[in-house]
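Peer 1: Put the two chains together into one complex, using the hints given.
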Amino acid sequence: MTDQPLLSVRDFRLEFDTFDGVYRAIDGVNFDLIPGESLGIVGETGCGKSVTAKSILGLVPTPPARVVSGQILYNGEDLLTVGEERLRALRGVEIAMIFQDPMTYLNPVFTIGQQLVDVILAHQRWRPSEQRLNRAQARDHAIDMLSRVHLPNPERQLDAYPHQLSGGMRQRVLIAQALSGNPRLLIADEPTTALDVTIQAQILDLIAELMGEFDLSVILISHDLGVVASLCQRVVVMYAGQVVEDASVTRLFSEPGHPYTQGLLKAVPHPGRAASTLSGIPGTLPNLYDPPAGCRFQSRCAHAMPMCTTVPPLYAVADGQRVACHLHAPEASRAGVA
Amino acid sequence: MLELRNLSVHFDVSKRGKGKTIVRAVNGINLNIGRGEAVALVGESGSGKSTVGKAALRLVDTTDGHILLDGVDITHLERGRQMPLRRKAQMVFQDPHSALNPRMNILRSVAEPLILHTALRGQALTRRVIELLEIVGLQAQFLYRYQHELSGGQKQRVCIARAIALNPDLLVLDEPTSALDVSVQAQILEFLKTLQSDLGLTFLFISHNLAVVRYLCSRVAVMYLGRIVEEGATETVFTTPKHPYTQALLSAVPWPEATQPKGHAPLVGDIPSPVNPPSGCSFHTRCPFARERCRAEAPTWRALAPDHLVACHFAEDLAAS
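Chains as they are written, first to last, in the numbering used here: chain A, 1 to 338; chain B, 339 to 659.
I should point out that these hints are in silico values taken from the structure, not numbers from a laboratory. Bear in mind that the values here come from a model prediction, so they are computed numbers and not experimental data. For every residue, glycine included, the Cβ atom is placed at its ideal position computed from N, Cα and C. Do not take every clue at face value.
To be verified - Derived pair list, reagent style DSSO-like, types lysine-lysine, alpha-carbon separation capped at 30 angstroms:
1) K392/B x K353/B
2) K392/B x K531/B
3) K266/A x K600/B
4) K358/B x K392/B
5) K353/B x K426/B
6) K266/A x K531/B
As the list claims (entries may be wrong) - Residues from chain B shown here face chain A by an in silico Cβ test under 7 angstroms; the list is partial:
7) E528
8) A549
9) A596
10) P604
11) L605
12) D608
Unchecked claim - Just a sample of chain B residues kept apart from chain A, beta carbon distances all over 12 angstroms, derived:
13) A462
14) E469
15) L481
16) G618
17) F627
Excised from the complex, chain B in its bound form (with noise of 0.2 angstroms):
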């Protein structure tokens, strides 16, 4: 369905006269998510997540490397020529109140996409529009009010049913629960995973949540620096983490239980700058397993089983240790 390869997102930020600055956001990551999947990508603040979420719809363009949907080569699609992949590829946003227009009404808010792209009109329009609040769980009632009158959640549902509106086959979703209360979090979880096996819809699910990836997705990838370090059956990268960063994020979250989980020990310090990665790993200024072959060569993407990857020198060793 949705093919990275080898992609890389470099932004230019150098100001006038103090030479070349270069964020290096994504470093050539591939990734494949086939049709009716749910995949995840995780990663702290600055990994480069949201970057490949919104490169793989077009919305920033790419550096090197590229993005096919369907099998259609769209990494240099030009904005004018887009109006195709919209229609295929849709995205939901991290804060609902900043996403939907405070001018427009929830009617005006779901039929934009309709109006840009089909022939309804008057009647047929408000019917449909009704039809998918319907199944993201609104009435009618709320076609005529504005975003500042509905809860967090509630705009959210409705940002979801724009998103589906034109039927996409992908749905890349950006942090679409973080903004919300735990009761609110779950009834949009549960709401996604039965949208996601009815309308048998492709998630593309970037969240820094790990219990709410469990949750969601099949397949999980971590991101670390601009780089994918693990990937695989959501399952078997819970369970059996075989990269630091991996075993070093799990171990972070705080288990909502009575005892915590005796995990690895807490990674030190801050995420490094991607002006400026670290050579080799990139992970080896936090790692506390790092050698000399990790500051000096980057670790080659290899297969561990058929479906987990990982990208470390020593990830057999530490899964023995």
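Bound-form chain A, shown alone (with noise of 0.2 angstroms):
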């Protein structure tokens, strides 16, 4: 960890406010990305990954949200406080998003080309005005981005709807259309959660492959464990608004730390296996309007003892593999329990 981080989010608070009381969405979490890497960010329904994601971008809405505390450093610039006009220049030109459902996030009444043009000459505003394209330029520019995600006739797409393209499709225009801006941090939201598995298969190839050609680091936000061993390098597991590991994944699915995590992995029936026993993970969420004092995954945890009423840090393992449960701390470990 020499490199100094492309992104950092530290000690980062989220809560809405909600009519049924202060809904405390994200408690405290802390990751670093390094250039050129891949981190996958995991977790169960309702544990935060989609709310921090948007939050690099600044596209949760305040209010009902409220910032609490932290930073989102990206190149050093706090995301948080630089203000709207410049989240506007960083979208898009230095980090993109992807979406779950490519259907969503493109327009109905309007062709392929027609929305890729318009993003691209938005970008042209906070690009050096010698390096402005034109109309025309852009046009050329939208077709040379939909046949470097391999979409077929690129030229013939530019004059298609959204309905006339498949889920996959879709999904290489919207990525297309992230990248057109050439930024250096690609967010993507469960990209292939709608897809099927082969499409999701190419739809992984592609971001890899484009990781490599445009240089770029990806944050890849899944609930498939899968998905993430298949593209990242890094994995954050999150557990009701909290970062519970963070780990390389050789490591992640070796000596999964926490138990959070463990249940996780145990959870997930094997595609490479024959038939083995499943356990799900006794309980549900905590209820956080008014979460548990200490580790909140104690109500659920076979380990819990008493020193789970006090919140955990996360404590370094090895090989960087860092793990928020008293378990690991010090004395624990060397009694040998984990």
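Peer 2: What follows is the structure in structure tokens.
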């Protein structure tokens, strides 16, 4: 970790003010992304992974959301305080995002070409005046982008409407749109969840290929451990608004440190092995209007102990693996509990 | 238990003045499911797997072929005479949220089939519903709650309780866990497995998730564009897939492991439209091994081993290479 991180989320806390009270969605999230890395964020519904990702681009409406504390540093610049004008200059040009359902993010009444060219022209405002593209050049750039995401007949597809494309092709269009501003960081929020496995494999291959081509760093958000394992080098596991584990893919699957990660791995059926037993994680997510003191996983944890009522820090375990569980406190690890 | 003979389901989606447009969702499939078996139907979206499940329960009309349930031909059973069928066979849908009436409490939802089919009323009815909820692992405290007060996993349990209320022999499960988180999915899968062995139920399990299928089912049929392309014991199909589509499907699934398996090349392109399926073998447009014969001639459905059937001209050659 000698590299200067491209993105650094530090002690990020975010709450939603609702009629039912204050919902503590994100509670002290910390992670770094080094340039060229692909980082996976995994967790189940409601763990805060999407809110964290959207916060990076300032896409969470405030109110109802309220940033309580923390910093999101991009190249040293705190995205939480730079203001809307600066964020607009960063979106698409420095940081881009793709989403789960490609149909929802394409306007059904405009052609692919109109939408791509619009986005490309919108980026020109932030470029030095001598490098700005005019409409015709933007159109050429759009065709170039579509061919780089391997969409067949890019020129003809410019005149197609979103409903004429399949789900996989739409996701390719969105990726082309996201990368048209040549960003450094791509945030992919469940990019393959709505797709079939064969198409999912194509899209994951494409993202991996474009990472090299565009010198991209990627944050991939997914609930699917297999997807994360096939694309990412490092994984952050979130639970109830907190980071519970941060480890390399190798380490996470061989030596999962947090009881939640261990439970998650035991709950996933394996496509490559004969049926063995599965075990779910008993219980449900804690109520985030009134979260328990200390570790948020304690009510579902088989290893819960009195110490768990205090918030566990991210203990460094090995090889850059960090685990937010008191089982990994220095004295506990000496006793051999893990 | 359930026998599908040369079953075809076509939908006429013609628009006025634009000529005939027929979606060939299911095209002459044969499938036998023995009593107590758990058979999976897998394939990409658009392969027709859900339509097969619906046709088996007479929820859509068949175009051609026969459906036999316990030896009785139900292919043309009219709506008014389907009550006995519903006692024998029930369905669990993908999205438990839309499968439950938001204006009915859980008691009423689960009691619905009992009210329609049995004479149980009042206290006895409530007691039976409590029993059913216990089978699926829910306490009686849920009786008077409404679906919006339940989590996804709890709702799917309610749907299962409703489906098993009449002690059916056959359960058609259409992607029952794809809307759920993995930790909840694991609970439901474990529960389905015990349910199947304890009650001796027969499952037709429709899924695109191959890992789930490998965990739950003993036999698997792979569908592509309305046809079954490979069928066999789950372990056989997963370890020695013979059809190039099955091979591609299996190699596309990412493993929850640090090192991914070195598999076959991923499939290119999308599934063709069932309105105008390709000639010959319908997979030839995406098949890396397609030859001249595949474009011209549809492969026959043949047995490679007693319990391993495949529809591919060159299955043996591919296995050898």
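Peer 1: Could you tell me which of the hints above the structure violates, numbers in ascending order?
Peer 2: 5
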